[in-house]
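2 protein chains.
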Amino acid sequence: MAQKPSIPKGTRDFSPVEMVKRNYIFDTIKEVFQLYGFMPIETPSMENLSTLMGKYGEEGDKLLFKVLNSGDYISKVRPEVLEARNSTKLTTKISDKGLRYDLTVPFARYVVQHRNDISFPFKRYQIQPVWRADRPQKGRYREFYQCDVDVVGSNSLLNEVELIQIVDQVYKKLNLNVLVKLNNRKVLAGIAEIIGEAERIIDITVAIDKLDKIGLDNVNKEMFEKGIPQAAIDTLQPIILLSGSNADKLNKLKEILSASEVGMKGIEELETVFNYLNDLDVTTEVELDLTLARGLNYYTGAIFEVKSKDMEFGSITGGGRYDDLTGIFGLKDVSGVGISFGADRIYDVLEQMDRFPAETVNTTKAMFVNFGEKEEKYCLPILAKLRANGVKAEIFPESAKMKKQMNYANDKHISFVIMVGESEMEEGLLSLKDMETGEQIKLSVDDLVKKLA
Amino acid sequence: MAQKPSIPKGTRDFSPVEMVKRNYIFDTIKEVFQLYGFMPIETPSMENLSTLMGKYGEEGDKLLFKVLNSGDYISKVRPEVLEARNSTKLTTKISDKGLRYDLTVPFARYVVQHRNDISFPFKRYQIQPVWRADRPQKGRYREFYQCDVDVVGSNSLLNEVELIQIVDQVYKKLNLNVLVKLNNRKVLAGIAEIIGEAERIIDITVAIDKLDKIGLDNVNKEMFEKGIPQAAIDTLQPIILLSGSNADKLNKLKEILSASEVGMKGIEELETVFNYLNDLDVTTEVELDLTLARGLNYYTGAIFEVKSKDMEFGSITGGGRYDDLTGIFGLKDVSGVGISFGADRIYDVLEQMDRFPAETVNTTKAMFVNFGEKEEKYCLPILAKLRANGVKAEIFPESAKMKKQMNYANDKHISFVIMVGESEMEEGLLSLKDMETGEQIKLSVDDLVKKLA
Numbered sequence: 001m002a003q004k005p006s007i008p009k010g011t012r013d014f015s016p017v018e019m020v021k022r023n024y025i026f027d028t029i030k031e032v033f034q035l036y037g038f039m040p041i042e043t044p045s046m047e048n049l050s051t052l053m054g055k056y057g058e059e060g061d062k063l064l065f066k067v068l069n070s071g072d073y074i075s076k077v078r079p080e081v082l083e084a085r086n087s088t089k090l091t092t093k094i095s096d097k098g099l100r101y102d103l104t105v106p107f108a109r110y111v112v113q114h115r116n117d118i119s120f121p122f123k124r125y126q127i128q129p130v131w132r133a134d135r136p137q138k139g140r141y142r143e144f145y146q147c148d149v150d151v152v153g154s155n156s157l158l159n160e161v162e163l164i165q166i167v168d169q170v171y172k173k174l175n176l177n178v179l180v181k182l183n184n185r186k187v188l189a190g191i192a193e194i195i196g197e198a199e200r201i202i203d204i205t206v207a208i209d210k211l212d213k214i215g216l217d218n219v220n221k222e223m224f225e226k227g228i229p230q231a232a233i234d235t236l237q238p239i240i241l242l243s244g245s246n247a248d249k250l251n252k253l254k255e256i257l258s259a260s261e262v263g264m265k266g267i268e269e270l271e272t273v274f275n276y277l278n279d280l281d282v283t284t285e286v287e288l289d290l291t292l293a294r295g296l297n298y299y300t301g302a303i304f305e306v307k308s309k310d311m312e313f314g315s316i317t318g319g320g321r322y323d324d325l326t327g328i329f330g331l332k333d334v335s336g337v338g339i340s341f342g343a344d345r346i347y348d349v350l351e352q353m354d355r356f357p358a359e360t361v362n363t364t365k366a367m368f369v370n371f372g373e374k375e376e377k378y379c380l381p382i383l384a385k386l387r388a389n390g391v392k393a394e395i396f397p398e399s400a401k402m403k404k405q406m407n408y409a410n411d412k413h414i415s416f417v418i419m420v421g422e423s424e425m426e427e428g429l430l431s432l433k434d435m436e437t438g439e440q441i442k443l444s445v446d447d448l449v450k451k452l453a
Numbered sequence: 001m002a003q004k005p006s007i008p009k010g011t012r013d014f015s016p017v018e019m020v021k022r023n024y025i026f027d028t029i030k031e032v033f034q035l036y037g038f039m040p041i042e043t044p045s046m047e048n049l050s051t052l053m054g055k056y057g058e059e060g061d062k063l064l065f066k067v068l069n070s071g072d073y074i075s076k077v078r079p080e081v082l083e084a085r086n087s088t089k090l091t092t093k094i095s096d097k098g099l100r101y102d103l104t105v106p107f108a109r110y111v112v113q114h115r116n117d118i119s120f121p122f123k124r125y126q127i128q129p130v131w132r133a134d135r136p137q138k139g140r141y142r143e144f145y146q147c148d149v150d151v152v153g154s155n156s157l158l159n160e161v162e163l164i165q166i167v168d169q170v171y172k173k174l175n176l177n178v179l180v181k182l183n184n185r186k187v188l189a190g191i192a193e194i195i196g197e198a199e200r201i202i203d204i205t206v207a208i209d210k211l212d213k214i215g216l217d218n219v220n221k222e223m224f225e226k227g228i229p230q231a232a233i234d235t236l237q238p239i240i241l242l243s244g245s246n247a248d249k250l251n252k253l254k255e256i257l258s259a260s261e262v263g264m265k266g267i268e269e270l271e272t273v274f275n276y277l278n279d280l281d282v283t284t285e286v287e288l289d290l291t292l293a294r295g296l297n298y299y300t301g302a303i304f305e306v307k308s309k310d311m312e313f314g315s316i317t318g319g320g321r322y323d324d325l326t327g328i329f330g331l332k333d334v335s336g337v338g339i340s341f342g343a344d345r346i347y348d349v350l351e352q353m354d355r356f357p358a359e360t361v362n363t364t365k366a367m368f369v370n371f372g373e374k375e376e377k378y379c380l381p382i383l384a385k386l387r388a389n390g391v392k393a394e395i396f397p398e399s400a401k402m403k404k405q406m407n408y409a410n411d412k413h414i415s416f417v418i419m420v421g422e423s424e425m426e427e428g429l430l431s432l433k434d435m436e437t438g439e440q441i442k443l444s445v446d447d448l449v450k451k452l453a
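For the record, the sequence lines run as chains A and B. What the first sequence shows, in full-length UniProt numbering, is residues 1 to 453, in sequence order. What the second sequence shows, in full-length UniProt numbering, is residues 1 to 453, in sequence order.
In case anyone wonders, no lab produced these hints; they're calculated from the structure. Ideal Cβ placement from N, Cα and C applies to all residues, glycine included. A portion of the hints provided could be inaccurate.
[Claimed, not checked] In silico contact screen, one side only, chain B against chain A (beta carbon under 10 angstroms); selected entries: (1) G10; (2) V17; (3) F38; (4) K66; (5) G71; (6) D72; (7) T91; (8) S156; (9) L158; (10) E162; (11) G372; (12) F396; (13) K412; (14) I414.
Construct all of the structure, not just a fragment, from the sequences and the given hints.
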C-alpha cells in the first residue's frame with residue numbers, strides 16, 4: 001500500500017533553486033574564510049553522548065537527539081530500570097550516541113583528540129548541519145547548517161580583528177549592509193565587580209542581553225528577581241545606557257572601571273581592536289555595545305554580534321573569545337576566538353531584500369530541443385563540443401511536444417534554447433533563442449561556442 | 001574531570017588535508033554533473049521510519065540508525081510492551097525517525113512529495129552522508145558520503161548514455177583509468193526465462209553477481225543450493241562465460257534469447273546504448289558483462305559498474321535503471337536511471353596511486369612572518385592588498401619564535417613566506433621565500449601582488 005510521503009517536523013527538503021541560493025551563500029563565506037588562511041574540517045554527525053551531555057545546560061541535554069543503540073539493546077537493561085519507567089535514566093542505558101548540537105563542542109573535542117597532529121594556531125572553518133529537538137516554529141528548524149570559523153592556540157587580538165575583517169568582506173560580497181556590535185566579557189566582569197556583584201556576572205549579562213527584546217524596565221526587574229540588590233541595579237543604569245562614539249564610551253568607562261583590574265584589561269583589549277580596525281580601513285560600522293552580553297558562559301573576552309542594517313532581524317552572525325573551551329576535554333590554556341554565520345537567516349534576508357544575484361539560479365546555460373532521432377544525432381556532437389568548452393548544456397532526452405520541452409527550459413531558468421530542424425541541418429546552422437529577451441538568431445556551431453563559452 | 005575524547009566507532013574526523021582532497025573529488029564530480037544539466041537537492045538527515053523501513057530488506061531494517069523520540073517517551077509505552085523485552089517491538093514505540101541509509105529512497109520520497117513542483121525529466125544530483133550500523137571494518141564506515149546522480153521521468157536511453165559520458169569525463173578529470181561494465185536486467189530476465197526459471201531471476205542474479213569474488217564453481221553451487229535444477233544451471237554455463245567483443249556477445253545472445261521477448265528487448269536496449277557511444281567517441285572502455293547483476297531488486301533495465309584499471313579494487317561507481325522506484329510512495333510509471341560515485345573508494349584509489357594534484361593541498365599561498373608590533377603594522381595593509389587581489393594569505397598572529405612560525409608554514413603547505421624586517425622597511429621592499437625551492441628574493445609590493453595574484 002502506498003504511503004503518503006512526508007518528512008519529520010522541523011526538517012526540510014532543499015529544491016534545486018534553494019540549493020543554488022544556499023550554495024551561493026556557503027561559497028561566498030568559504031571563499032573569504034580561505035582568503036584569510038582558514039582550512040576546512042569535518043566531524044561526524046554522531047558524537048558519543050559523553051562528549052555532548054552537560055555542555056549545553058540541562059535544557060540542552062534534553063534537546064539532543066539521541067540515537068538508539070543497535071542490536072538487542074533491551075536485553076542489556078536490568079528489569080528494575082525498565083520498571084522505573086524513567087525516560088532520562090533509561091536513555092543512558094539504551095543510547096550511547098547523539099547528533100551534534102553545535103560545531104563548537106565537536107571542534108573542542110577535535111582539537112584535543114588531534115592535538116599532536118595540529119600546528120597551532122589552528123585556523124579552521126566548519127560548515128555542517130546540527131540538530132536540536134527544539135519546538136519547530138517559523139525560522140527555527142530541527143536540522144540546520146552552522147558555518148563556524150575559529151582560531152585556537154593564539155591570544156593575539158589580531159585574530160579578533162581578522163574575524164571582523166571577514167565579516168566585513170563576506171557581507172560586502174553578499175551585498176548586505178551590516179552593523180557589527182562589539183563588547184568584551186572582561187568589561188562586563190569589571191562592571192559586576194564595581195557594583196559589588198562579581199559573582200553574579202552571569203545573571204547580570206543574561207538579563208542585559210535581553211535589553212533589545214524586553215526593554216530596560218524588564219531587564220531591571222529580572223535582575224532584581226534574580227537577587228541583585230536595588231543599589232547595584234541603580235549603579236548599573238548609566239553604564240548600560242552609555243552613549244556617544246566608541247571612543248567616548250571607552251573614555252567614560254575608563255573612569256568608571258578604574259578600580260577594576262579585569263575591567264581595565266577589557267577596555268585595553270577593546271582599544272587595541274579599534275586601533276587595528278582604524279588602520280585597516282574596515283568600512284563596516286563596528287559599534288561598542290555594552291548591552292551585548294551573549295548567553296554562552298564560555299566567552300571570556302571579545303564578544304561579537306552582527307545585525308542587518310537593511311531590515312529588522314535577529315543576529316545573523318555572532319561569536320567571541322573563549323579561554324578554556326578545550327579544558328573540558330583535558331587540554332588547558334588553549335585560548336580561541338570564533339564566529340558563526342547563520343546561513344538560514346542570511347538566506348531569509350537576501351530573499352526578502354531580493355539580493356540574490358540573478359545569475360545564481362541560471363544553472364543550465366543552453367538546452368537543445370529534441371525534434372526526433374535524426375535531429376538528435378545531429379545535435380549530440382555539438383552538445384559534446386559545448387560541454388568540452390565548459391558550457392553547462394543539455395538536450396531534452398526525448399522528442400516530446402514542443403510545449404513540454406519549452407516549459408521544462410522555462411522552469412529550469414535555462415538561458416538559451418537551441419533548435420535544429422530540417423532547414424538548419426541543410427544550412428549547417430543552428431537557431432538560438434534567448435529565453436530572457438525572446439530574440440532568436442541563426443548561427444554556426446563555431447559562433448555558438450564562442451557566444452556561450 | 002577531563003574526559004578522554006573519542007568518536008563513535010565507524011565514524012571519522014576529516015583533517016584539513018583530507019578535506020581539501022575530498023573536496024577536490026566532490027568538486028570534480030559536481031562540475032561534470034552540472035555540465036550535463038543536473039541540479040543539486042538535499043534531503044533531511046532524518047527520515048520518518050515509515051519511509052525507510054522495509055526498503056532495504058530485513059537486514060537493512062536492522063542497520064538503520066534509529067533516533068529516540070524526544071521527551072518522556074517511555075510514558076507512552078504500555079507496560080506489557082516493556083515487559084516483553086523485545087527490542088524490535090519496543091523500537092517501534094519509542095522511535096519514529098531514522099538516519100537515512102542511502103540517497104535513493106529519500107530521493108524517491110522527494111520526487112513523490114514534490115511532484116507538482118517538479119518539471120520532468122528531473123535531473124538531480126545529491127551529495128550527502130548516509131549512515132549504516134554495519135560492523136565497522138577497513139574501508140567500511142558507519143557514516144559515509146554518497147554522490148548520486150539520477151534522471152527520473154524519462155524512458156529515453158540517451159539518459160543511460162549521458163551517465164556513461166559523465167563517468168568518462170569524471171574519471172578523465174580525476175586522471176584515473178576505468179572500465180565501465182554494462183549489462184541489462186532484461187537480458188538476465190530473458191536468460192532465466194530461457195532456462196525455465198523465470199521466477200528465480202533474483203536468486204540467479206545474486207549468485208552470478210558473486211562470480212568475480214567466489215568463482216564459477218561456488219556460483220553454481222549456490223544456485224543449486226537455492227533450488228535451481230542442475231539442468232538449468234548447465235544451460236546457464238555458456239551464457240555466463242560468453243566471450244569476444246561486445247558485438248560478438250550481443251550476436252550470440254540474440255540467437256540464444258530469440259524466444260524471449262524480454263531478453264530481446266534487453267539486447268535492443270544494449271545495442272542502442274552502444275550505438276550512441278560509438279557516435280559520441282566515448283573513449284573509456286565499456287564492456288558488456290553478463291556476470292554483472294548488482295544485488296538491488298529495483299533495477300529493471302541497464303545496470304552499470306565502474307572499476308579502476310589502475311589497481312585491483314571493488315566497484316567505484318555503479319547504478320542502473322529502475323522502472324518503479326516511486327511506486328512505493330504512490331507514484332506509478334515514473335522510470336528513472338542513476339549512478340552513485342563512491343567517494344571513499346575514489347579517495348583511496350587516488351591516494352594509493354598518488355594522483356591527487358600537488359596544488360590540491362597548497363591552500364594558503366603566502367604567510368607573513370610576524371617580527372613584532374612595528375613590522376606587523378607595516379605588513380597588514382600589504383596583506384589586505386594581497387587578499388583584495390584574491391591571494392589566500394595570512395600573517396602569523398603573534399611574534400613567536402622564527403622556528404615556530406616556519407614550522408607552521410611548512411605544516412600548512414604554504415607556498416611562500418614573506419619577511420619584512422628593519423632593512424626591508426627602510427628599502428620599501430619585501431623578502432619572499434619560495435618554500436618549495438628555498439629560493440629567496442627581494443621585491444616591491446606591486447611585484448609581490450603581480451607574482452602571487
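Original post:
Which numbered hints are broken by the structure, listed smallest first?
Top reply: Of the numbered hints given earlier, the structure breaks just one, which is hint 11.
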